[in-house]
Structure formats: structure tokens, C-alpha cells
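**Q** Going down the list, the sequences are from chains A, B and C.
So that you can map any letter, position 279 of the first sequence is 359 in our numbering, and since no number is skipped, the others follow by simple counting.
So that you can map any letter, position 140 of the second sequence is 190 in our numbering, and since no number is skipped, the others follow by simple counting.
So that you can map any letter, position 301 of the third sequence is 352 in our numbering, and since no number is skipped, the others follow by simple counting.
Some hints could be false.
To be verified - Over the 10 Å line for every Cβ pair with chain B, so calculated as not near, a few chain C residues:
#, residue
1, Leu81
2, Glu243
3, His276
Said to hold, decoys possible - Per the computed footprint, the stretches of chain B lying under chain C, defined by three or more beta-carbons under 8 Å from a beta-carbon of chain C, are:
#, segment
4, 231-245
5, 266-272
6, 317-326
If you're looking for bench data, these hints aren't it; they were derived computationally from the structure.
On a predicted model such as this, the values are computed, not experimentally measured, just so you know.
Ideal Cβ positions, reconstructed from N, Cα and C, are used throughout, including at glycine.
Spelled out from the first residue to the last, the chains are:
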Amino acid sequence: MAGWLHRVTDSDIWWSFKSSPMTVAAALLTLFIFAIAFLAPILAPHTPFDPATLNLSDGLKPPVLISADGDWTFPLGTDDQGRDVLSSIMYGTRLSLEVGFASVLVAMLIGIALGLVSGYFGGTVDAVIMRIADVQLTFPAILVALLIDGVVRGLISVKRHDEIALLVIVGAIGLSFWVSYARTVRSSVMVEKNKEYVQAARVIGLSPLLIMVRHVLPNVTGPVLVIATLNLGLAIITEATLSFLGVGLPSTEPSLGTLIRLGNEVLQSGDWWITVFPGITLAALVLAVNLLGDWLRDALNPKLR
Amino acid sequence: MAVASNNPPLLEVKNLRVEFPTRRGTLLAVDDVSFDIAPGEVLGVVGESGAGKSLTGNAIIGLLEPPGRVAGGEIRLEGRRIDNLPYEEMRKVRGARIGAIFQDPLTSLNPLYSVGRQLVETIQTHLPLSAAAARQRALDLLKEVGIPGAESRIDHYPHQFSGGMRQRVVIALALCAGPRLIVADEPTTALDVSIQAQIIALLKGLCRDHGTAVMLVTHDMGVIAETADRVAVMYAGRIAEIGPVRDVVKHAKHPYTKGLMGSIPSLGVRHDRLTQIDGAMPRLTEIPRGCAFNPRCAERGARCLIERPDLMSAGTSRAACWLHDRGGVGAPVAPEMADA
Amino acid sequence: MPDGSAGQFVRLAGLKRYFDVSAPWLVRTLEGRPRQIVQAVDGIDIEIAKGETFSLVGESGCGKSTVARLVVGLYPPTAGSILFDGNDMAQRRSQSETAALRRRMQMIFQDPYASLNPRWRVFDIIAEPIRAFDLAKNKADLEKRVGDLLRQVRLTPADGRKYPHEFSGGQRQRISIARALASEPEFLVCDEPTSALDVSVQAQILNLMVDLQRRLQLTYLFISHNLAVVYHISTRVGVMYLGRLVEVAPTDTLFRRPKHPYTRMLLDTIPDLEMTGRQRAPVAGEVPSPINPPSGCSFHPRCPFANERCKAERPRALPIEGGTVACHAIEEGRLAVDERSYDAGR
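With the hints as constraints, model all of the structure from the sequences given.
**A** Here it is, written out as C-alpha cells:
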């Protein structure tokens, strides 16, 4: 373990990381937000989505710094139902991240598998998969996610839908993002498959599946990592947008997007904190993740080293 | 020697050092290299990969890629220092006084402009000629380098030429402003064997006709044997031996050169085994103390492990080897064997 | 043609490989373009006896690398047959029979940087053929085999734990050789194994290959563009031009009494390291594009001895002096064969 740690801290990547203060700041911020979200059940002062703990008289309290009584019970204020904004943000971030990671994972798995097959076999298989990808790319990802979500809603009852809303959203976003992975993997595969180490494996007589998974796959995952990091921010935003539009996660399990929507409804009456704080959190999270993704892309680019 | 040795040298390189600062420390890629080129002479600079020959050439043309930089020594062209010139001044020198030919003709020419336009642009940058005169000069050069149908081909694009033809165009480009020195870095390596012979003959003939000196950097000893007047053999960033080409090739004085010549297969007596030098050229980070070649040298002595030899007289050539010093190499030390 | 008594170990008969490089169908239809076929290998007949080194030489684009890939089965032939120890490689067989045949022939590639998977450890790279052909009894046996192979190529068993990027070009080629030997083959196809290496490293690798051949009784098909290398290690040499074999001969015969005009031209381009002052006679022209090869004998545009028949009719391979040559001028007696010598003084 110590040896591995030493290799990491001694590597070029660690050095390029340390030498960019913005990246370090972004990483720290991301880590901070991840930690808060992960530890939400322990850290959150309240459980805002357990109706039993709510008290309507606590409703619409402003944040402590501008409130009249300086009461720290609800540091960032409450919404119209008496839910603590701070705790809502913690739980909401947790959900946003869950959806973000899960959907990126789904997109990655589909994209890598299709990209591998497409690049290795070429010909008709490649043509078919790429045309499907092309068609899908003509629609904005949000539209695709909306479409999938709408179809599912049409097929099952509202109550049942609420239960599996998380899965549906993850699936919808994942299915709308697989194309960029597939294309990158495909072009990497097309380069690698002509390399002589793949030919050597073919001379031995290994099956194409074995060659794809054991030889080619480990060499094409680099760019995938970069896309995944950048996609994370995008996935979170997409989920937020869908939730804002009312077709994402239900209000009983709100993500940051849902919170922004809920706050939006009372924005006109001057209770700004219910929308703004979740909004700032969302923006900060996505910005930090994107900065990290930028750094990773440059760090992994051999030409820039 | 092809030229009278009492002419002042065209190019003087003294104690050149090229460094690469990396985060792990500074790497010395060219270490105290000195040589001269007389006007009209062809000097071959030969060495294996990592020996520093291309970097030496790049340093002379002023095209070292950062973070590499000239860290010491001087380079003088016709008596004038060029290694410390500001960018604008060096730009005028490059092209007008020094021409360059690189290995890959495909990337040496801009694919978006016709060949004629590139020639004319270079000519007009360095010579005060009108557009028509410049075009005529370009045409003459294309004919001189053997492009058939030059009148029409002058307006063709690089991709419309074959590899060998493109390299001819590159030679024309290098010569068009009338430089006194051409630095050619592996000019024939990317070409087919039958084309190589043509291009080498062309280069040699043209330089003789124009009186241009050539610094020919290559790993191909065969090209050197046919083209160069003198040759410098580089090893691990240093010159191991330098002298008239016939003497170095047939009567090498440095053990590395001897080993190198022995490992080149050539026609003549057929051997089953080629002479081999065990081991490999050291990496820049692991250059041994004393003589850089000592771990692989069958004739090494105690002195070779401690003192680094400078170039010293060895017959008609000069070699950086204690064998040619009156003090000798000291007590023999068995070589370490490790294959490359 | 050598009389068949040697029992040809490897025999290529009428081997052809064409590549379709036409533009996509849509483009062709809209622009009215014809199909374009590259005749990379256009009818090759070669026989290799057991234990010998047969070298195939030629310039880039002549098809020699394609022949190498055809022999090991990376491409299926467009026409012709490949016989390995009497077995027709194109014949349908069971999995295990094909595997048994494939095990006996392996390939060494040109580029030491692309021929090893950068993400695999050297041990696994060399062990892969052993595992694939099930040659090791257990883990200990596997480790012993890999260790022995590494030692055979003058590396150490400890090198197995490293990754390819930790080795130099010459060392990587040794690892490639070790991998090729792992399945205990009898026949090795070597595609320019030393072209990417420095001269002194090339000498080490060539010496290693010659030693291994003697020790393990290997047969080599050696592809190269470097005639000087070929001169030292080959038993017989075949010269290719634009997909066709122009001459085949035992090494000494080819170099001392070259027959085909292209062979002579190639020999003339070998640099004169003996400094005899021999002028290289630069030959006119360049290798034409393989998409539109010249008619008849494909060398005729560059051949000083071409006549009308050469432009129209493709020459057949004639047996002569222990080899074959495909040239009308030789056949018609228009071209004399003279003796060459190379000054051996050094």
C-alpha cells in the first residue's frame, strides 16, 4: 500500500495536479460536497422529508443572518412546509449525486460495449450502431430523457412510477448519453485493433471476444474516464432540469433540481433563500466537477506532458 | 579533405551544451560538442537514437523545442555568433544563410499551398526579387532538382507528388535563398532504398555545384560513406570520433566506432554472426562517470571509469579515448555485459 | 525450382490477396467511379524447406508484409493455397486441429512499440500462448517455462514483472521473440524484426535469432527491405515487386549472379561501406501505385531491357540455376548474366 501510494505521489499526474491551484481548489470543493452528501443522514440537523418532524409554524423562516431572532435552528431558513433548507440541500445533493453517478455508469456500460463491438467488427455492425447513434444525436439529451420518462409514465401507474422514479431517471439519462462514449471507444478501438499486439493475439487464435475484452479494452479506457468526469456535471444538470420541469424525481424525494422548483414557486413573494441556496450548491458542484474533468483531460493527454 | 584547410571555417561549434529541464532535474542531451565545417564540405554526423545528433542540428538551426535550450558553448556562422540571436535576427539567418532538410517530406511542406507559392514566398523573404523573377528562380530550381515538367508542376500541391519527388522539392526549398550551409536531418530515411540513392546523388551534386556545405545528420552509415568528406560519430551526447570518412569507416580509432562498423552487415565476406556490442546506449539520466562508453568497452581500463576523455589526436582522426593518450587506459577492467 | 525431394515444409502456391479499396457505394454511384482493387499479392509460389531461412525482400508496397500475414492466417487468401507440413491451411478443420497447426507457426512483428500490449506485464504477454494452447501443467510449470524463455532471449525471469514501457526497443523485440517461442513453434514468420532498431541492437537481435534457429531447429520466413541483412542470414532469397516474385535463388547465387533487372537494381542500391568507390547507379523512376500496375511485366516502365513483349505479356517464372526468374529478357537470351564480386577488404 505504501509502495503504491509512493508511486502515485511520485507520478507525473500528481505533480500536474499539485501545480494547478484551481484544480486543487476544485478537488477540495468536490470532496467537501461529496462528503456532506454522503454523510447527510449523520450531519443534517433535521430530517426534512419525514412529515412527522415538520411543523408548519416553522414555515418560511428566513436565513439566520438576516432573520429577526438570530435563531440557529434553521441556519439557511425554511420553506413553506417548515422544512429546513440546509438539510434539504444535503439530502438533495446526495440524491443528485446518486442519479449523476448511476446514470454515467449506465451510459458508460452501454457506450463501451457498443463502441467495442462497433470498432472491432466494423462493416455492417458498425454501420448500424453508428446510424442509431447519429439519429439519437439529432435530439437534445433532455428531449430524449423526457421521451423515455414520458413513455414509462404512460405505461405504469403514478404511484408505481413514484417508487421507481429513481431508476427511470437514471435509465433515461444514461440512455441519452451513451453515444459520446461509444464514439470515443470506437475510434480508439479502430486504432488499437491494427496494432501488432492485437495481431499477435489473433495469430495465437484467440476469439474476438477475448481479444476485445482482454487486450483492447484496457487500452481504450483513458478517454472514457475524461468523458465520464465531464458527463457527471452534465448528468446532474440534466436531472435537475427534468426535476425542475416536474418530470424528474417526485417532491417526496427531492433532488437539488426539485428544491429549486419548489423554491421557485414562492420566489415572487420575496422568499428567495429556498431557491437560491440549492441553486448555488448545484452551480458550485457542477463547476467543481467540470474543472476536475478539464484538468484530467489535460493531465491524461500525452502530447501536453 | 575536400577543401583547403586554411580557409576560415564556415561553421564553428564550440563546447555546445543542450539541456532539458524536467521536474526530475536537468538532462544534458548534448554535452560539450565541438566541431567545424569548412565551406563546401560535407560533414556527416552519425549516431544511434538518443546520441544527440538531431538536437545538435536543431540547435544550429535555432529550432530547439522548448523546454530544450542551448545551455552553453557557442555557434558561429562565418565568424558571427548565431546561438544567442534574438528571434527576428535568427529568422533572417535561417533560410538565407542556413537551409534545412528534414526527414519527412510530407510534413515539411504546407499541404495547403502550391509548391511554387512556397518556393516564391521563401525566395522573396530572403532575396530582393520581384514576383516574376522569384518565380523564374523557383522554376530553375525545380528543374535543377529533377522535377519533370517543372513548368506545370510548379503549381501543383504537395500531395500530388510522390515521396521522392517531395523530398526533391524540399531540397529546392532549402537551396532557394542561396544558403552557405544546409543542415539535413535524416533526409533519406523515410524513402525507399532505390529512391534514397537518387536523392543522395542529387544532394551531393547540387551542393557541389552551389558550393554549399552540408551537415548531414543520420543513423545510416552507408549514406555517410558515400556522401560525406568527414564524419563525426556521436555517442551519449558527445563526439566519440571525428575524422575523414574513409579513415573513420575503415580504420576506426574509437572502440565504439569499431563496434558500430562491425555490426553493420555489408556485402563481402559472409558471416554467420555479426560483431555485436553488448549493452545499450545509456539513458540521459544514467550516463556513466568517466567515458560514457566504458561499461560496454572491451578495452577499458581503470582510467576510463574516472576521467572523461576529450577528443585527442589519433592518426588522421581525433577520438575521445584514452587508448590514444600517452598515459594509456590504466589497469584493464573487465567489461560489464548486458544486452540491449 | 529446387527438386521437391527436400520435402517442402511450407509451400505457397499461386497465392493471391486483393484488397478492395473502392470508395463507398454511394460515392461511387453518384460520381460514377469504378471499383478500385489493390492486387497486393498477385500469384506467389514459394517453397521453404525445414530448417532453412527464406527471405522475402522488396521495397515498400511490394506485398511482402501481406504475404507474411497471409501465411499466419491474419488474412484469408483471395486465391491460391498455403500448405504447412503438407496440411492445406484453408481446409475446414475442427477447432483443436486448427489450434494444433497454428501452434506450430508464430510471428514476430516489426514495431517493438506496438507489438506488446502496454497494459500487460511481460510475464502475461509471454504466458499467453502457453495458456491458450494449454501447454503448462500447472502454475509452477508455467512460471518455469516463462522464466526459461526469458533466459533464452537473454533477459531475466525478474523482468517478467515489468511493463513493456520499461524496456528499450531491442529488449522489447526480445520479449516478442520469447512470446513467439512460447508455443514451441517450428516455423517463425519474421516481419522486418530489426528494421526499427539501431544498427548495434540489430546485430544483437540477428545473432540471437541465428543462435535460436540452430538450437531449436527453427525454420524462418524472414521479411526485409535490407539486402545486407538478408545476405548474412538467409539460405534462399525471393525478390518481390508489386505483388509478384521476380526472382528466387539461393543467397550466394542471387548476390553474385543476379538475373532479373530489378534484382540488379536493388543490389546496386546497397551502400558501399567497403569504400571501394563503387558508384551507386541511381535508377530512374519510382515504384508505381499498386492500384494501377503497369500491364504485362510490371517492371517494364523502369527496365532498360524492356521490349514490346514485356509491355503486353506477364512473364512466367522460369527455373534457372537453383531458383526461378520471371523475365522475358532472360528467357529470350537478350540479357547476359554476369558475375559480381564485392570487395571483402575492410
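**Q** Please go over all the hints and tell whether each is borne out by the structure.
**A** We went through each hint and held it up to the structure:
1. Every Cβ of chain B is farther than 10 Å from the Cβ of leucine 81/C; the closest lies at roughly 23 Å, confirming the non-interface assignment.
2. The Cβ of glutamate 243/C sits about 13 Å from the closest Cβ of chain B, beyond the 10 Å cut-off, so the non-interface label holds.
3. Residue-level check failed: histidine 276/C sits 6 Å from the nearest beta carbon of chain B, not beyond 10 Å.
4. Only residues whose beta carbon comes within less than 8 Å of a beta carbon in chain C count, and the segment 231-245 of chain B has 4; three or more means the coverage holds.
5. Coverage of the segment 266-272 of chain B by chain C holds. Counting CB-CB distances below 8 Å, 4 residues qualify, and the rule asks for three or more.
6. With 10 residues carrying a beta carbon less than 8 Å from a beta carbon of chain C, the segment 317-326 of chain B meets the three-residue requirement, and the given coverage holds.
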